Amino acid sequence: MSRLAGLFAQLRDAGRAALIPFMTAGDPSLTATVPLMHALVAAGADAIELGMPFSDPMADGPSIQRASERALARGVKLRMVLEWVREFRTTNSHTPVILMGYLNPVEAMGITSFAEAAATAGVDGVILVDLTPEEGRGEAVVLRQQGIDPIFLLAPTSGPERVATVRSMGSGFVYYVSLRGITGAAQADWAEVLERVQHLHRQLGLPVAIGFGIRDAATVARVATGADAVVVGSALVDQLAACATDQDAIAAATRFIEPLVQAVRSTERRGA
Amino acid sequence: MGTYALPDASGHYGPYGGRFVAETLVPALEELEHAYQEAQRDPEFRAELHSELRQFVGRPNPLYHAGRLSRELGGAQIYLKREDLNHTGAHKINNAVGQALLARRMGKKRVIAETGAGQHGVATATVATRYGMECLVYMGEEDIQRQSSNVFRMRLLGAQVTAVSSGTRTLKDALNEALRDWVTNVESTFYVIGTVAGPHPYPVMVRDFHRVIGDEARAQCLELTGRLPDCLIACVGGGSNAIGLFYPFIEDRAVRMIGVEAGGLGLGTGQHAAPLTTGRPGVLHGNRTYLMEDEDGQILPTHSISAGLDYPGVGPEHAYLKDTGRAEYVAATDEEALAAFHRLCRTEGIIPALESAHALAHAFRLAPTMRSDQTIIVNLSGRGDKDIHTVAALEGIHL
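Taken in order, these protein sequences are the chains called C and P. In terms of this note's numbering, the first sequence opens at residue 1 and continues consecutively. In terms of this note's numbering, the second sequence opens at residue 1001 and continues consecutively.
For the record, the hints were derived by calculation from the structure and aren't laboratory data. Only a predicted model underlies this, so the values are computations on that prediction, with no experimental measurement involved. From the three backbone atoms N, C-alpha and C, an ideal C-beta is built for every residue, glycine too. Fair warning: there could be bad hints in the mix.
[To be verified] Here are the computed distance ranges between Cβ atoms for each label pair:
1) C:205 - P:1256: 49 to 59 Å
2) P:1107 - C:216: 54 to 64 Å
3) P:1106 - C:160: 34 to 44 Å
4) C:74 - P:1110: 53 to 63 Å
5) C:147 - P:1369: 41 to 51 Å
6) C:242 - P:1107: 12 to 22 Å
7) P:1369 - C:74: 30 to 40 Å
8) P:1008 - C:216: 43 to 53 Å
9) P:1294 - C:245: 43 to 53 Å
10) P:1324 - C:198: 20 to 30 Å
[Said to hold, decoys possible] Taking lysine to any residue and the SDA-like style, the derived pairs with C-alpha atoms no more than 25 Å apart in a straight line are:
11) P:1108 - P:1145
12) P:1109 - C:110
13) P:1108 - P:1072
14) P:1108 - C:39
15) P:1322 - P:1399
16) P:1322 - C:159
17) P:1108 - C:110
18) P:1108 - C:189
19) P:1109 - C:108
20) P:1108 - P:1044
21) P:1109 - P:1068
22) P:1322 - C:110
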C-alpha cells in the first residue's frame, strides 16, 4: 500500500482528518527546508506538501508568489527539491510527501526523468496546478508507472463531467479548491464547501483534501468535520517569511502548527 | 498543406496551444468557448461587429503604397496596412470591440485586461466605456513608467489601472495578475486578453477578431496591384497583428509570411524578446508554445525597446507555423527598429509605433533584394505617438 493510501486508511479508522502543511522548498533558506519538514512532522503534521518554485505562479496569491521569488533568487532548482526529499527520507520513511508546482519546470526536466527521480527520492504524490486532466493524460500515466499519485484539483465551478474525468485519472486524493480564488485569499463559505465535498467524496471514491483560505485552528476544526485532509499553506509561509534564522523558522513552524494539530485531532470526521 | 482548419476541437495547433490553467478557470473557458461559437453563428452579432468596426473603429483602413520609401530602397514595392489609423491608434481595437460585444452578450458587467505598451489597455478601456462596463487594467510597474501617456489615457476613459510589482514587473506579470483576478471573480468578470496567447479559446478568438486586417489587405492588394503580394511582414510579440494579417493568406502558398521578433540589444546578448527565434517549447499562461526560459524551465526576463513586444511567450499558432515552415521568424534589434522608426517618419510622414518599426526594419533589409514588380505588405500595427517620449529620451531630450 502506498504511503498516502496507508495514511488515509489509518485516519479513517481513527475517525479524523489529516493535517497537511504546505511550505515552499528553499524558503526561508536553503538549509531550513529539511529541518522544517521534520519539525512539522514532529509537531503532528500527517503529510507534507512541498512547493516547487516557479517564476510565474499564476494560481498563487502574494504570500506564495513572494516565497517562490525568494527561493528562486537563492538558486533553488527542481533537482535540489528532490534531493531535499531524499534527505528527509533518510530518517523518515512513513510521512507522505506531496510536491506541488507548475508544469513548465517539470517539463524542462522531462516528465519521465522527473517521475523516476521523484520516485527514487521518495515522493508520494504530485500536484501540477496548471495541468488539467484533459492535458495531463500522458503525465498521469508516467507518474503512476513510478508509483507516484497524480493529484488533480476540483473547484466549486467544476461540473459533473469534470468530476468524472478526475475520478478516472487521479489517485491518492483529490485536492478541492475551497474558493473561487488564489491561494491565501479570503475565506470561503464553509457550509457550502463541506456539503459539496461530502457529495464529491461519494462520487469520487477517493479521499478529498480541502485547501485555499484556511488560516487558523478554528477554520481547521470546521473543515476537518467533513474533509479527509486539511491543507494550510499561505498562513504558514507568512510565518516563515518573517524568520531571520533557521532556528526561528523551526520554532515558528512548530508554534504555528501545534494548535492546528490539536484541532484535527479533537475533531471527529463525519459522514466519511 | 491542404485546407487549413486549426485549431482542433480541443484548441491545439499540432502540439501547441491547449488549455493549461487552474481548475477554477476551466468551466469559465468552456462557457466562453460556447458563447463565442454561438455568437459567431448569430448574424445579428456579426452585423453589429461589422457596424462597430466601420462606424467606431474607422475600418476599412487603407493599404497605402509607400512610393517614396520604395523608390529609396530600390527594390520591392512596399505597401503599409494602416492599422495605425484605427480609433485608439492600433490594431488592438479590432479584438477589444469583438470581446467587449461578447462580454455584453454574456451579461458580464466587469471587464479586466492586461497591457504592455498600453495599446490593448486603452482599447479595452475605450470599449468598456462605450458599452457601459467597469474596467480594470493590469500593467507592470516598469511599463507604467515608460508608457505614462497611455496610462493617463486609460484613466481619462474611466478605467482603473493597477500597477503590478511582482516578477519582472512587465507584461507577463500583468497577465499573471489578470489571471488571478479572473480566478477570483470568474462569474462577474470577462477577461479581455489582448493577444493570440492564453488558454483556448483565446488564441482562435483573438485571431478571428483580427483577421479583418488580412481580409482587407488581400482584397485591397488585388485591387491595387491585380495580384497577391509576394511577402507579408509583421512584428510579433504575442503575435496578434501578425496572425491577423497572415491568417487569410495561409493557403496562398506563394505568399511568404515573415514575423519579426524583438531582437533587443542583440540575440547574442540574451537581452531580447525573441522566443520563436531563440527559445524552446514549454507551457506558460495557459498554452504550450515557444518560450524564453532557462534550462530549469523558469521564465527568463525579456528586453525590448518596445513594451508591446516585451513578452517571453508567443501565440501557439505562430509556434505551429514556424515548425511547419509556413511562416518564417526573424528578429530586429532595438537599434534597427529605431532607425526604421526615423526613416518612415522622414520618407512618408508617418510616425510608426516602435513595435511596428521592427516589421519595417526587416522590410528595409528584404526589399532591396527583390524586384521592383514585387510587393511586400508591412502591417503598420500602430502609430508612434505613444513612443515619442521613449525616442526623445534616447536622444537626451526631455519633453
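Quick rundown of the hints versus the structure:
1. C:205 - P:1256: 49 to 59 Å: Given range 49 to 59 Å: holds, Cβ gap about 56 Å.
2. P:1107 - C:216: 54 to 64 Å: 37 Å, violated
3. P:1106 - C:160: 34 to 44 Å: 22 Å, violated
4. C:74 - P:1110: 53 to 63 Å: 39 Å, violated
5. C:147 - P:1369: 41 to 51 Å: 59 Å, violated
6. C:242 - P:1107: 12 to 22 Å: Violated, since residue 242 of chain C and residue 1107 of chain P (Cβ atoms, about 44 Å apart) do not stay within the stated range.
7. P:1369 - C:74: 30 to 40 Å: Since residue 1369 of chain P and residue 74 of chain C have Cβ atoms about 50 Å apart, the given range 30 to 40 Å is violated.
8. P:1008 - C:216: 43 to 53 Å: At 47 Å between Cβs, range holds.
9. P:1294 - C:245: 43 to 53 Å: 30 Å, violated
10. P:1324 - C:198: 20 to 30 Å: With a Cβ separation near 50 Å, residue 1324 of chain P and residue 198 of chain C fall outside 20 to 30 Å, so the hint is violated.
11. P:1108 - P:1145: 31 Å, violated
12. P:1109 - C:110: With Cα atoms ~43 Å apart, residue 1109 of chain P and residue 110 of chain C exceed 25 Å; violated.
13. P:1108 - P:1072: Not satisfied, since the Cα-Cα distance of roughly 51 Å exceeds 25 Å.
14. P:1108 - C:39: 48 Å, violated
15. P:1322 - P:1399: At roughly 41 Å apart (the allowed maximum being 25 Å), residue 1399 of chain P and residue 1322 of chain P break the hint.
16. P:1322 - C:159: Violated, at about 37 Å.
17. P:1108 - C:110: 40 Å, violated
18. P:1108 - C:189: 23 Å, holds
19. P:1109 - C:108: 40 Å, violated
20. P:1108 - P:1044: 19 Å, holds
21. P:1109 - P:1068: 48 Å, violated
22. P:1322 - C:110: Measuring from Cα to Cα gives roughly 23 Å; hence the hint holds.
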